[in-house]
Amino acid sequence: MRKIFPAEELARDSRFVRQSNEDRMNDPRGARVGGSTGEKLSKLTPTLPNGPDRARALMHGIFVGEIQALEGAGRTCYDFETTTDVPFAMKLDMARQCWDEARHCEISVALAEHMGTEIGEFAENTLLYQAACNPDPVLRLTGVNRALEGLAIDVFNTMKEFGSLAGDPVLEFCEDWMLADEVTHVKMGSDWLRELTLNDKERLTKALEFQKVVDRLFSFNGFRGEDDENPIQLTRRFRELAGFSDEEIDDIAQMSREAAAETVH
Amino acid sequence: MTEIQIEPNSFEMVFFDAEKIANLASEVAQILELGDEQIKLRIDETSSMGRSKVESYDPIILAVDGGAFENTQRPRYLGETRTSETIARLLMRIIDRRSPGFANAPEDDLLDLPLRVAWDTYTVGRLNHLGLSTQKKRRQYQFRNRHGFSDAADEAFTYLWGSPNKLVWADIERISVGCRIALV
Amino acid sequence: MAEVKRPREPFAPWDRRVLPGLFDVEETARRVGNYKWVETKLFETLGGWIATVPELDVKLRLGTHCYHHAWHAELFDKRLPELREMNPERLAIPPNENLVDFMEAMSEPEAPGLTIEKLVGAYRVLLPHKIAAYTYHRNGTSEVTDMPTIRMLDFVLQDEMNDWREGEMLLKSIIETDEEIERATAHQARLEKLMLAAGGIAGKGSIGNAYIDITEEK
Chain A
1 MRKIFPAEEL
11 ARDSRFVRQS
21 NEDRMNDPRG
31 ARVGGSTGEK
41 LSKLTPTLPN
51 GPDRARALMH
61 GIFVGEIQAL
71 EGAGRTCYDF
81 ETTTDVPFAM
91 KLDMARQCWD
101 EARHCEISVA
111 LAEHMGTEIG
121 EFAENTLLYQ
131 AACNPDPVLR
141 LTGVNRALEG
151 LAIDVFNTMK
161 EFGSLAGDPV
171 LEFCEDWMLA
181 DEVTHVKMGS
191 DWLRELTLND
201 KERLTKALEF
211 QKVVDRLFSF
221 NGFRGEDDEN
231 PIQLTRRFRE
241 LAGFSDEEID
251 DIAQMSREAA
261 AETVH
Chain B
1 MTEIQIEPNS
11 FEMVFFDAEK
21 IANLASEVAQ
31 ILELGDEQIK
41 LRIDETSSMG
51 RSKVESYDPI
61 ILAVDGGAFE
71 NTQRPRYLGE
81 TRTSETIARL
91 LMRIIDRRSP
101 GFANAPEDDL
111 LDLPLRVAWD
121 TYTVGRLNHL
131 GLSTQKKRRQ
141 YQFRNRHGFS
151 DAADEAFTYL
161 WGSPNKLVWA
171 DIERISVGCR
181 IALV
Chain C
1 MAEVKRPREP
11 FAPWDRRVLP
21 GLFDVEETAR
31 RVGNYKWVET
41 KLFETLGGWI
51 ATVPELDVKL
61 RLGTHCYHHA
71 WHAELFDKRL
81 PELREMNPER
91 LAIPPNENLV
101 DFMEAMSEPE
111 APGLTIEKLV
121 GAYRVLLPHK
131 IAAYTYHRNG
141 TSEVTDMPTI
151 RMLDFVLQDE
161 MNDWREGEML
171 LKSIIETDEE
181 IERATAHQAR
191 LEKLMLAAGG
201 IAGKGSIGNA
211 YIDITEEK
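Chains as they are written, first to last, in our numbering: chain A, 1 to 265; chain B, 1 to 184; chain C, 1 to 218.
Mixed in with the good hints, there may be bad ones.
Computed cross-link-like contacts, EDC-like style, restricted to lysine to aspartate or glutamate with a CA-CA straight-line distance of at most 16 Å [unchecked claim]:
1) LYS137(B) with ASP53(A)
2) LYS136(B) with GLU118(A)
3) LYS136(B) with GLU240(A)
4) LYS136(B) with ASP53(A)
No wet-lab data here; the hints were simulated from the structure. Just so it is clear, the structure is predicted and the values come from calculations on it, not from any experiment.
The task is simple: from the sequences and hints, build the whole structure.
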C-alpha cells in the first residue's frame with residue numbers, strides 16, 4: 001500500500017457522488033459548504049422556514065465529512081514512520097481518533113436518516129480529506145485537528161443548539177457527545193503542535209499558516225463566524241477548552257468577516 | 001392540452017433545459033387533471049436555494065429558485081424528480097385552494113410555519129399516493145420540527161400523510177393546532 | 001476488643017496458582033516487544049486501509065479495530081519498562097525478517113476491489129496467530145510473578161476474539177462466489193506460508209512445541 005493516498009481515489013460505494021472542487025468553486029451562484037448556499041445566509045435555527053431542510057442537508061455533509069476525517073486519521077497512522085517521523089504517542093492519538101470518527105460516522109448516518117435524508121442524496125467533495133494529505137505531519141495535524149476539527153466544534157455546537165431549540169432530543173443528545181470528542185481532537189492538535197514545534201519556530205509558523213489556509217477555505221462566503229448571518233456559529237467556549245487562545249479565535253472571526261465581505265453576490 | 005411557459009427560456013448559470021422542464025410540468029399537470037390550464041413557471045437561476053411559491057392562482061404562475069429544480073447529487077444540473085415534485089406540490093396547493101373546503105385557508109403569506117408544513121404534509125402525502133413524491137422521511141422531520149418530536153405529532157403526521165383527498169382546511173388547522181397545544 | 005481471627009493460608013484453598021512459569025523476565029520482555037511491533041504494524045495498516053475500502057461497514061469496523069490494536073500496542077509499550085527494558089523501542093522489533101516479509105505482504109493490497117484480501121490477511125491469518133501466541137503466553141507464564149502480563153493479555157484477547165469474529169463475519173458476508181472463495185484461500189495460503197517461515201508473531205516457539213522428541217534405541 002502506498003504512503004499518501006490521493007483524495008481522488010477515496011473508496012466509496014455506488015451511492016456516493018463526488019463533486020470536484022473545481023465544480024464547487026466554479027459555481028457562479030456561490031460555492032456551497034456543508035449544504036448551505038452562497039446567498040442570504042443566516043444563523044441556522046429551526047425558526048427559519050427552510051431551517052429543517054438546511055439542517056438535514058448539513059447532516060449529510062457532516063456524515064461525509066466524518067468519513068473523510070476517519071480516512072484522514074487512518075492515513076496519519078500509516079503514512080508516517082513511528083519515532084523517525086512522529087512520536088508513538090501521537091500515532092496512538094490518531095488511532096483513537098479513528099475510533100471516534102468511526103462512531104461519528106455511525107451517529108451521523110443514523111441522524112441523517114432521522115432527519116429524512118439518505119446516503120448519497122447530496123454530492124460529496126473531498127476538500128476536507130485533502131487537508132489530511134499534507135506530507136508534513138505537523139502541518140497535517142494542524143490543518144486537520146485544529147482547523148477542521150475546530151470547525152467541527154462550531155458545526156456540532158450549532159446543531160446541538162438547533163436540536164435543543166427544535167425540541168429534538170435525539171439530535172441534541174448525539175451532537176453533545178460528538179462535541180465532546182471534537183474538543184478532545186482539537187486539544188490533541190493543540191498539544192502536539194506545541195510539543196512537536198517546541199524548538200522549531202519556523203515549522204510552527206508554517207503550520208499555523210497552513211491552519212489559516214484551511215480555516216479560510218471553510219469560512220467561504222461567511223459560512224462560519226459569530227455574526228447573525230453566519231449559518232455556523234463560532235464557538236468560543238469549547239475552542240478555549242481545546243487550547244485556542246482568545247487571539248486565535250478573534251482571528252478566525254475576523255477571517256470569516258473578510259471572507260463574507262469578499263463574496264460577490 | 002396544458003400550455004407551459006418557462007421563464008427564462010434559456011439559462012446561463014445552470015445547465016437546465018427549458019423544454020425538459022416544460023415537459024415535466026406538463027406531465028404533472030396531466031396527472032393532476034389540470035390539463036387545460038396555462039401555467040407560467042418563473043425560475044430564478046441565480047439562486048441555489050430551494051424556495052418555491054404560487055405567485056398567482058389565476059392565471060397560474062409559479063415562482064421557484066433554481067435550487068428547487070436542482071439535482072442535489074449534481075449541482076447546477078436539472079433534477080427531474082425534484083422538479084416534478086416541486087411543481088406537483090405547488091399545483092396541488094392550487095387545486096386545494098380552488099375547492100370549497102379550503103375557502104377559509106389564510107393567504108399564503110399569512111400562513112404560519114406549522115400550518116404551512118401541515119398542509120404540505122397532506123399535499124405531499126397525496127402526491128406520494130399518485131407516485132409523484134418519495135419524501136416521507138424528509139416531510140416527517142419537517143413536521144416534527146413544527147409540531148414536536150412526540151408520539152402525538154407522529155400520529156398526526158401519519159394521519160395527514162395517509163388521507164387522500166378527504167380533508168378540508170379546518171381538519172388541517174385542527175390537527176396542527178392540536179399538536180401544538182399538546183406540546184405546551 | 002474484637003476476637004482475633006484464626007490464622008489462614010496466604011493462598012486460599014481454591015487458589016491453585018503456582019510460582020513457576022515458562023518465561024523469565026528477559027524472554028517475557030522479548031515477546032512483549034514483538035507483540036508491540038506486531039500490534040503497531042497492524043493498527044497502522046488498518047488505518048491506512050480505511051480510505052481504500054468502499055464497503056461502508058468494513059470502513060467503519062477498520063476504524064474501530066485500528067484503535068483496539070493501538071491500545072494493545074500501548075499496553076505492551078507500558079509493560080516493557082516494568083520488565084527492565086527502559087527503552088521500549090529497543091525491543092519493539094520483529095522477531096525475524098520473515099515476519100517483516102509477512103507484514104509487507106499482508107499490508108500490500110490497496111485497490112478498492114481487494115477488500116477480501118485485506119480482511120483475509122488481518123482476520124484469517126494475523127489475528128488467529130496473535131490469539132494463539134497470546135493464549136500460549138497467558139497460559140504458560142507464571143500466574144503469580146507475571147500476573148500484570150496475564151491481566152494485559154486477558155484484556156487484549158477479549159478484543160482479539162471480538163475483532164476476529166467481526167472480521168470473519170464481514171468476510172463471510174462479502175464472499176459470494178466460488179471465484180472469491182478461491183481468491184480468499186489463495187491469499188490466505190500465501191500469507192500462512194510466510195507466517196510459517198516466521199514461526200509465529202514472536203518467532204519460533206510462539207506457541208511452544210507440541211511434539212515429543214523420541215530417541216530411537218540403538
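Inset, instruction - Sort out whether ASP53(A) lies within 16 Å of LYS137(B), counting only the CA atoms. - result: Since the Cα atoms of LYS137(B) and ASP53(A) sit roughly 11 Å apart, the hinted pair holds (cutoff 16 Å).
Inset, instruction - Measure nothing beyond the straight line between the CA atoms of LYS136(B) and ASP53(A); if it is 16 Å or shorter, mark the hint as holding. - result: 13 Å, holds
Inset, instruction - Below or equal to 16 Å on CA atoms is what counts here, so check LYS136(B) against GLU118(A). - result: 12 Å, holds
Inset, instruction - With a cut-off of 16 Å on the C-alpha distance, tell me whether LYS136(B) and GLU240(A) pass. - result: 41 Å, violated
Checked against the numbered hints above, the structure breaks only hint 3 and satisfies the rest.
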